[in-house]
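Mind assembling these two chains? They're in different frames, but the hints should get you there.
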Amino acid sequence: MVSESVLEVHGLTKVFRVPRRRAEPFVAVRDVSFTLGHGEVVALVGESGSGKTTIGRMLAGIETPTEGSIRLSEESAERSGRSLRQRVQMVFQDPYAALNPFNRISYTISRPIINYHQMNNAAALERAREILGTVQLIPADEYLEKRPHQLSGGQRQRVVIARALAASPEIVIADEPVSMLDVSIRADVLRLLRDLLDQKKVSAMLYITHDLLSARLLAQRIMVLYRGNVVEIGETETLLTNPLHPYTKLLWSAIPNPRRAAEGKAMVIPTAGTGDIPKHGCPFAPRCPLADERCQVEMPPLEERTNQHAVACHMVEGV
Amino acid sequence: MSTLLSVEDLSIDYGRRNPVHAVRNVSLSIEEDEFVGLVGESGCGKSTLGFAIARLERPPAQIVGGRIHIGGNDWMSMDAESMRKARWETVSVVLQSGMNALNPIMTIGAQFRDVMEQHGHRGRRAIEERAVEVLDLVQIRPEVLRRYPHELSGGMKQRIAIALSLVLRPKLVIMDEPTTALDMVVQRQILENLKALRHQQSFAMLFISHDLGLVLELVDRVVVMYAGEIIEEQSSRGLLKHAWHPYTRALMDSLPDPENPKGSYQGIPGSPPDLHVIPEACMYAPRCPLVQESCRTSTPSLETFQDVQSRCPVTRQEVVDGVGVRS
Ligand SMILES: Nc1ncnc2c1ncn2[C@@H]1O[C@H](COP(=O)(O)OP(=O)(O)OP(=O)(O)O)[C@@H](O)[C@H]1O
Ligand SMILES: Nc1ncnc2c1ncn2[C@@H]1O[C@H](COP(=O)(O)OP(=O)(O)OP(=O)(O)O)[C@@H](O)[C@H]1O
Ligand SMILES: [Mg+2]
Ligand SMILES: [Mg+2]
Chain A
1 MVSESVLEVH GLTKVFRVPR RRAEPFVAVR DVSFTLGHGE VVALVGESGS GKTTIGRMLA
61 GIETPTEGSI RLSEESAERS GRSLRQRVQM VFQDPYAALN PFNRISYTIS RPIINYHQMN
121 NAAALERARE ILGTVQLIPA DEYLEKRPHQ LSGGQRQRVV IARALAASPE IVIADEPVSM
181 LDVSIRADVL RLLRDLLDQK KVSAMLYITH DLLSARLLAQ RIMVLYRGNV VEIGETETLL
241 TNPLHPYTKL LWSAIPNPRR AAEGKAMVIP TAGTGDIPKH GCPFAPRCPL ADERCQVEMP
301 PLEERTNQHA VACHMVEGV
Chain B
1 MSTLLSVEDL SIDYGRRNPV HAVRNVSLSI EEDEFVGLVG ESGCGKSTLG FAIARLERPP
61 AQIVGGRIHI GGNDWMSMDA ESMRKARWET VSVVLQSGMN ALNPIMTIGA QFRDVMEQHG
121 HRGRRAIEER AVEVLDLVQI RPEVLRRYPH ELSGGMKQRI AIALSLVLRP KLVIMDEPTT
181 ALDMVVQRQI LENLKALRHQ QSFAMLFISH DLGLVLELVD RVVVMYAGEI IEEQSSRGLL
241 KHAWHPYTRA LMDSLPDPEN PKGSYQGIPG SPPDLHVIPE ACMYAPRCPL VQESCRTSTP
301 SLETFQDVQS RCPVTRQEVV DGVGVRS
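Just so you know, the protein sequences line up as chains A and B, in that order.
Residue 319, in the numbering used here, is where the first sequence stops; the numbers in between run on with no holes.
Residue 327, in the numbering used here, is where the second sequence stops; the numbers in between run on with no holes.
One chain only, chain B, in its complex shape (with noise of 0.2 Å):
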């Protein structure tokens, strides 16, 4: 397997005068039918970051540092009309707004057409077989290729959206948040769908959600971010074992737990930090159980340790002491 989206020390701010540092020092790669789940809570990054990878960030965003190589290719220094053919074939993007990605005064059917004739394909009735076929991924029934989007439920757009990613059999699929708005059978029949697809067509995906017990279901490896830094990396059987940095852990205890109905829900307490200004200390130090003087002073670095990328050091010192792994 080679490498196909490589990142390396990506930065974005919003904004220049007093900006939001809304994604730092960012280094992610993903392998060639490799899925990647990115997790973290509101706000801190992830669409910003789905988006800088896509090259669809638009002021006040600004990629401010950093690489981005795709199957090779320099995807900072694209010209426009290779960015424009690269768009859906190479990497296609669900929006978070994915219902509302859709054109209001389109059929459903014309905006299928509309993809692919831009991008060289011929002949309505391929077209249309083609646009039938991804549908079915989605369970959704070829009639609504006639059918316009206020037409239909907010979860039914959604899906069309998804299909409509997969259209042209891109290398890459970035998810941003792609069935927050389905139901909960809906969402495990594409997740289920998403994971047969698998052994279909080939392809990468980056799948953006706050919903780590979805994510841990479909993806191989989970990037975990925290108020704009990536705090985890590791494999999502390994972090099903073990979580290794405190805010990781939080957000594995409040997996709803359908047996334990009155545990689920815990929350984390204390609220995200201001990405304005960036303290040398630990971001999650203000809400972490486990502080300690050191976290307040100095920035913790990324390490990698036993396939674990993880930015903390007092966690780390536990694993190599022998002690709260559980297994």
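Okay, chain A solo, but in the shape it has when bound (with noise of 0.2 Å):
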């Protein structure tokens, strides 16, 4: 069991305002609380602008909440010193527009070694060796001379992931970090990134993704954010196996089975409404089959249902 922890977050709200125009603020994330265990990896899953990555953004000091607040726990005394930053290093979720065109691989990947250990050039590229060996780009020294553009996408996802290595953080904040690496490397991957917190490399992991199989294989928890609200999270295998939420039921039967559509079953999704959120009311209610006059009028609060799942839903019976 998840003892002290790492990463503690508070009320997390982002608004963003778009200027120019007369339009309303936008609330991209409203009022996020959770907390990362000590070796504890979350899964953050949700739909496409959901706001998973401002979450991520905003951990890893990219972004600046509007409202929360995100505690680190006391750093321990071999690793004082270091900057926010450091100890949170995003893994970002488009390979393509993560890497610099024109700088070759070495660079991207020693110069956060340089700046943060201080170590001198031919240390840093041999640490550069060592990093792109753990995520497989192999013969390394073939990389090291590579600029983005000579890489393919699962290549540069790899690159991607070591540079955040690189800084040798405590918090990985993983965006997506296997959506474009076929089944042969995913697993790969994946298991580096669990190897990641076994050994002890780094403390805790927020894992983004979309996809819940991976998250399955990697997270203790999963936390589901529909509209930039967190309507369940609970331990991983009670989730997934008595979903509660249902957009989190529909999430799960999206997943693609060549074998079911075979068989000439088709699913059923509904659309993703084209009617606005009602102000007050559930962020899931135009889509959801259950939703009745409450949920259009009342936000339903994230309440813990048995141990340690809660969900924010009113049409699921309290236990």
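These are calculated hints, taken from the structure and not from any lab test.
We put the beta carbon where it would ideally sit given N, CA and C, even for glycine.
Mixed in with the good hints there might be a few duds.
Which bits of chain A does chain B cover? Going by a derived footprint, with three or more residues having C-beta under 8 Å, they are [what the hints assert, rightly or not]:
1. 35-49
2. 89-96
3. 152-166
4. 179-188
5. 209-223
Here are the computed distance ranges between Cβ atoms for each label pair [claimed, not checked]:
6. P313/B to A123/A: 44 to 54 Å
7. P142/B to D198/A: 45 to 55 Å
8. P313/B to F102/A: 40 to 50 Å
9. A123/A to T297/B: 36 to 46 Å
10. Q220/A to R17/B: 44 to 54 Å
Pasting the structure below:
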């Protein structure tokens, strides 16, 4: 069981104000609270645009929260004096945008090593080789010489992971780190991420994904986000074998399954509702098969139902 | 039905000195209205092939051999002006980096206008109507037309890139990993939308993905690449029953199975070969569980047998002998 927490997030909110237009400010993340325990991986899942990356960017200090607090545990003595930016590293979602096209991979990886570890060039390069090995870009020497445009999508994604590791962070925010990888390498990268925790190279990880199956493999807990709100959070197996929120159920049923498809069982997916989200009600109400009047006007609070399994839904029976 | 795309013996290298032979002797055809999937592991040459078919390859990539015809036209000897016109109208591409393919300093609406006006469409109203129509196909609301790319999430940008590719009703759409950035629900919606779209608008598709499970649900026929070559090609229906090539089998076996959580993500041991030097051997031999001595000493050819093209003589013999057929 997870003991002390490495990271505590309380009431995190991000509002984007779009200039030039008289549009209403947009709440991308609303009142999100959670902890990352020592050695824990928490998966953050949710649809496109639900605010996953925005949460990650706030944790990594790239985006300023509109409200709420992010607290890191006291630093251990050996690691003290390090900046937040170094302690929390983000593996960026889009490997095409994340790498500077003009820099060789050697520069991309060795720069954070030199900056954060005060190593000389030669030592940093040696370390860079090691890290490329861990993400299976072999032979490392060949990849060190390359620039991003010479790499395939999956190879770039591994470089982005390697760069985050180069800073030796305590917490890794991995934003869709395996989305461009095929099964053969995906399993390895997931194992690699797992090993980072098992070998205590990293204290905790927020694993952002839309892939529930990989979340199942990697994470102890899953947190489901819908339009900026946490709608369900719980221990992985509990949440997946007994999903409570209608949106979690929908996510689970959307997983590609060619064998099922071949049997001609079509899936019915409620469309993303063109109507606006009710101002005070549940954000999922416009798409929800169970929604009643109450859901339209009253936001359901995130409530614990069974041990550590919390859901925000009026229609789930209390336990 | 007639053939829309025909690729014969296409080879593509990166660089001249010590080149990477990224695509080798690939032949592939797509019928009008047919959906074909192109799968294979990271770095096997899928994007390189897709780019070349759209003639978007840029140095150091160069086509070192082969022919490409689309709708009967020689696609290799076309002049720049015809090429410009044909792009978007005859062939459109959704790039793997689709989310960055959008121009950061233009609103989404302006980008739709730009593409349509360049191809002779006039009238703000009509252009906007068409844009809204294709955006609806990918479940994006019309408001985004007034937004800039940086205000949108990765998945939204990706869907807009898909919508843009369909706006001029091209005959062939090449989609390179169009849904990797998307969540399962949206991915599924797009999949269902694309299936439905086939009945409304006739077009053929080359759907590039490393996700065989997804591909099998969408396409009529699957082409499997390994290390720059096609190693198997057959109908999705057939493949679900029986994969021939050991590599395809490994791919099938590593499909995540929602019903069997811990069995998922098996992976395929070993790593893909270096593409600088092409050995006189089966490229998959070092990783193959069925490898035989002859696999290491001669290059197997792609042969058709029972409507299946496969590059593995060992498993072909199995079928001839009547063993190993799962049905
Ligand atoms: N700089 C910005 N200005 C205005 N709106 C923004 C900005 N950045 C993000 N948003 C909006 O905030 C919402 C959440 O975006 P975010 O990138 O966090 O989503 P996500 O869950 O990571 O989605 P995806 O799975 O597609 O990557 C989106 O609706 C997006 O349009
Ligand atoms: N500009 C380049 N110079 C040298 N080699 C290159 C260049 N671009 C790509 N390659 C190499 O060519 C091979 C094929 O790359 P390609 O992008 O076609 O792979 P892919 O199958 O699309 O992979 P992914 O699924 O990761 O996108 C890779 O091994 C890659 O390293
Ligand atoms: Mg994101
Ligand atoms: Mg690619």
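Going through the hints against the structure:
| no. | hint | in the structure |
| --- | --- | --- |
| 1 | 35-49 | holds (count 5) |
| 2 | 89-96 | holds (count 3) |
| 3 | 152-166 | holds (count 4) |
| 4 | 179-188 | holds (count 10) |
| 5 | 209-223 | holds (count 7) |
| 6 | P313/B to A123/A: 44 to 54 Å | 50 Å, holds |
| 7 | P142/B to D198/A: 45 to 55 Å | 49 Å, holds |
| 8 | P313/B to F102/A: 40 to 50 Å | 47 Å, holds |
| 9 | A123/A to T297/B: 36 to 46 Å | 44 Å, holds |
| 10 | Q220/A to R17/B: 44 to 54 Å | 50 Å, holds |
When each numbered hint is compared with the structure, no violation occurs for any of them.
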